[in-house]
Amino acid sequence: MLTIYLLILLPLAGFLINGLLGTKLSKGLSGIIGSATILGSFIISCMYFFGLVGGAAPTEVKVFDWISFGNIHINFGILIDQLSALWLMVVTGIGFLIHIYSTGYMHDDEGFQRFFAYLNLFIFFMLLLVLGNNFVVMFIGWEGVGLCSYLLIGFWYKNQDYNNAAKKAFVMNRIGDLGFLIGMFILLYNFHTLDFNGLKAAVAGGADHHIIFWATLFLFIGATGKSAQIPLYTWLPDAMAGPTPVSALIHAATMVTAGIFMICRANFLFTLAPETLHIIAIVGAATALFAATIGVMQNDIKKVLAYSTVSQLGLMFMALGFGAYTSGAFHVVTHAFFKACLFLGSGSVIHAMGGEQDIRRMGGLRKWMPITFGTFLLASLAISGVPPLSGFFSKDEILAHAFEHNKVLWVVASVASLLTAYYMFRLVFLTFFGSFRGTHDQEHHLHESPMSITLPLVVLSVLAVVGGVIGLPPVTHMTHWLSHFLAPVIPAVTEGEGAEGTSMELMLMGIATVLAFAAIAWAYARFVGKRTLPAEDGQLTGLGSVVYNKYYVDELYNLAIVKPLLAASEWGYTVLDKIVVDGVVVWSGKLSLMTGKQLRQIQSGNIGFYLLAMVLGIVGIFIYVLTYLQ
Amino acid sequence: MLLLVILFLPLVAALAVYLSGNKLASKVALIASVAEFAISLVALQHVAHSNFEGLSYSHSWIANPNISFSLACDGLSLLLVLLSTFLVPVIILSSFGTELANARALYALILLMQFAMIGVFIATDGLLFYIFWELALIPIYFIALLWGQGKDKAFIQTATFKFFVYTLIGSLFMLVAFIFLYSKAGSLSLESLYALNLSQTEQIFVALGFFFAFAVKIPVFPFHTWQADTYTEAPTMGTMLLSGIMLKMGLYGLLRWLLPVAPQGVVTLTPYFIVLSVIGVVYGSILAIQQKNVKRLLAYSSFAHVGLIAAGIFSLTNEGLQGAVVQMLAHGVNVVGAFFAGEVILRRTGTLEISSLGGIRNIAPRFATAFIIIVLASVALPTTNAFIGEFLLLFGVFEYNTWLSIAAGLTIILGAVYMLKMYQYVMLGEKRATASAFPDLTASEFAVFAILIAAIFVCGVYPKPIMEIAQPALAEILKHTLG
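So the protein lines, in turn, are chains A and B. Just so we're aligned, residue 1 is where the first sequence starts under my numbering, counting upward by one. Just so we're aligned, residue 1 is where the second sequence starts under my numbering, counting upward by one.
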């Protein structure tokens, strides 16, 4: 019991200390408090995680009655089972590394203490999201991490562009959250509970298909907001306005996987709704491809990674759509390793470049930053699916499921993977190879980052390399540890992994590997061989320009939703409200109550007396009328 | 006896404040209102233990017509009494440090208004209710008119006049309904009205009469156009009293008088009532987005929020009613906090025009933190009080109709749009000229925010006691309404 409270409350304590004391704390102390609390949570997470690995039973604790009356009983309850333990490890483990990294990265920022306060608060809400034993507690965390995302994207609040990005993230998440709410309402109305175990029991004997379909569909809308899927993905690239550690932690490794976590958590519902799963698979695959194509044309180092994240999340959703929840979770874990590593690496680069993020102004950085380069390269190989790095295994598993279920989506996902390898190595080659293209001033300042930054990079790159061992494919004749571990929460798929047989499996792996290498070679030929540089802004034409401008989706949303809404607000106030509604009511009011004479007296300023007299008069008349009625 | 003390203490205090003179007025008022709050906590103790001794009073008043001076306080009444006894001292404290003309009259009027509002929440005789209802209007009218903030006095007169006329006309409908009820029942006591057996048509007319009166006060679309002007022009203390407590009189009226007295009328008309309420939610939210004045924006925001409360009540579900009670309290706290944030800005910059503000965050971090918490509470972020309320309200509406709840649920999106936009342009960005000298919160300002923020989180994290206290009363109301 106590350890559970500590696990959750340590980050909250870190938030309160850093938040309330603020600049009264020295930066050193603030960083230590911020990081130590997360380390504490990480250690406790390890205890639970390895306990569960060793076969311990899940822990469920009812902390207190939260909303309780009539037929509604919603507890504040905590559930630590295999699924939450897995996410705990990612959240607190990578969270801790990124806290360490931030002590170096944010060192010269005047908002240092505030930054750690927000980061701690984020971990607190993320823990609630992961540990809730019912949808409502999960929703607290869900919206709470959205708040922290808002606060951290707009961390440099003097810049209104950043503030716009922050607001956009919050609002788009809220659109999803309305879906989440409606999904909860459907479940609560029909099953009178929102506890995961209660719901599981309620649908165990079969449930009205219609209800489950709508409930899961609305929940999935919630997931598209938080996990940046079509049509609600546009906030994530803008969210790169936040400091880079935030992009790594919140907008790559943890928060944006919340949608996947939620669906894994409620897998017993989604499995009953094949239509929803079908929609999820299509949306996921479409997002994976769509975002990957945009990634190919971006020149901002963080924007490339952002679109890559959207695309990778799409792959995970596609896996969920095939009912392969474990594969989705597996890719969440490996993605957390290599994408956190990539973002932190990009931060290291940006740091060295004095804030420059445009890869057209970089080049040849491996000379100055060998550790950053090495780790970035390893993570890029991992995300590209080069064997035997972690991304290879997790992505291959998803592709195998795709091949089994839907050949079209398999092609889509394979193309997305091919593009991934291409844009990642485009990024690597343009950044670290060739000759430096920035200013002399920048060149003069190039340096490898300090230990606090490189150490997390090294740890993450090692994990990105070896992380695949938790999910070895059947062809290796080794246990798929993750699906074994998660089996109590996520029943094994009946078809079983690799039902297609060993030769087919090897063939699929072969295709994926060849594609990855081909893409890398293609990027090498273009950007190292021919030393091609991406076009300067405004020089693109045709399709290139459309893709570079992200298919003008933001502009479309602006035109179709934002502008009409603002116009409606403006018009509604100045015309509808002021003239029509007000006019009708005031006019009828004047007509019924006032004579011209009284109106003149009102203008004389003596109104108070008359009104008082009027009220007393009305009461008098009232009593008189009642008497008369006798 | 306890109930009589709770009712009359503010009246006595009003007199004492007036006699104490301008210098002492605010302090005497604060002490008296804190004492009132303490006494209401005693009543809370009683109700929490289902001990209603001393919480009802009845004395024959006028024999012919048969009118009695009867009061009672169940869980529902108690929570609203608590809301007023909690907020009035906070509102009084919020004025500390400002120079006010004729202060003794102002504070006396505030306490007089508290007296009337408490009367509304505990009266169990129709006429008594009506008298308190109208009585509450008089002090706020003078507060708005005489201490108004706008520079254009003629506009203040028009705004307050509109407010007065609006509510007065609304009340006339209620008056007619009461007269009709009296002719049928021979008394206006709640029990006799609950026991009354009216025909369907008669109930529809009674329901309409009550609805107009309450709808203006709440306000429900389209009876809201008095609100924005009044909220903007009134002194902030008046706006807080109006939005924090007084509009709950209308919502309370729905629960206590409309639903159980004309149940069949309500059931018949509820589709219209709930649709009007939800229109108000969406309409108010959209209009708030482009507002150029902080107080006016908050006025439309408040209009949207109370529309949702009304919708929850008209869902005629236990969840909707519970949500309404929780949200009445939550909205009271949050709206007072929001208007106070506006007041803090106005005191320092002399303006509430969003276009001339900006960058306050840079030099007043404590204020910025307090303000963002208020903003987040009003957009119903989980762990704040309003989340519990909105969750239950939307669920209540959902039980009534899915599509209506999706429409009403737009408030969680649009609310974020206008509140974050307002916060962004007022507080964030580069420092504007208006923020060149912006001292951070004073001690009393800090105290006001600290109290409100504590209430926000306590009710958001542990709302169960509120629901337990309200549940018996709400179950009773639902029993009368749905049979």
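Calculated from the structure, these hints are not laboratory results. Heads up, a few of these hints could be off.
[Claimed, not checked] The calculated lysine to aspartate or glutamate pairs, modelled on EDC-like cross-linking and capped at a C-alpha distance of 20 Å, are: (1) B:K431 <-> A:D109; (2) A:K303 <-> A:D161; (3) A:K24 <-> B:D440; (4) B:K292 <-> A:D109.
These are the hints, each one checked on the structure:
1. B:K431 <-> A:D109: 19 Å, holds
2. A:K303 <-> A:D161: Roughly 15 Å between the alpha carbons, so the hint for K303 of chain A and D161 of chain A holds.
3. A:K24 <-> B:D440: Within the cut-off at roughly 17 Å; holds.
4. B:K292 <-> A:D109: 34 Å, violated
When each numbered hint is compared with the structure, a violation occurs for hint 4 only.
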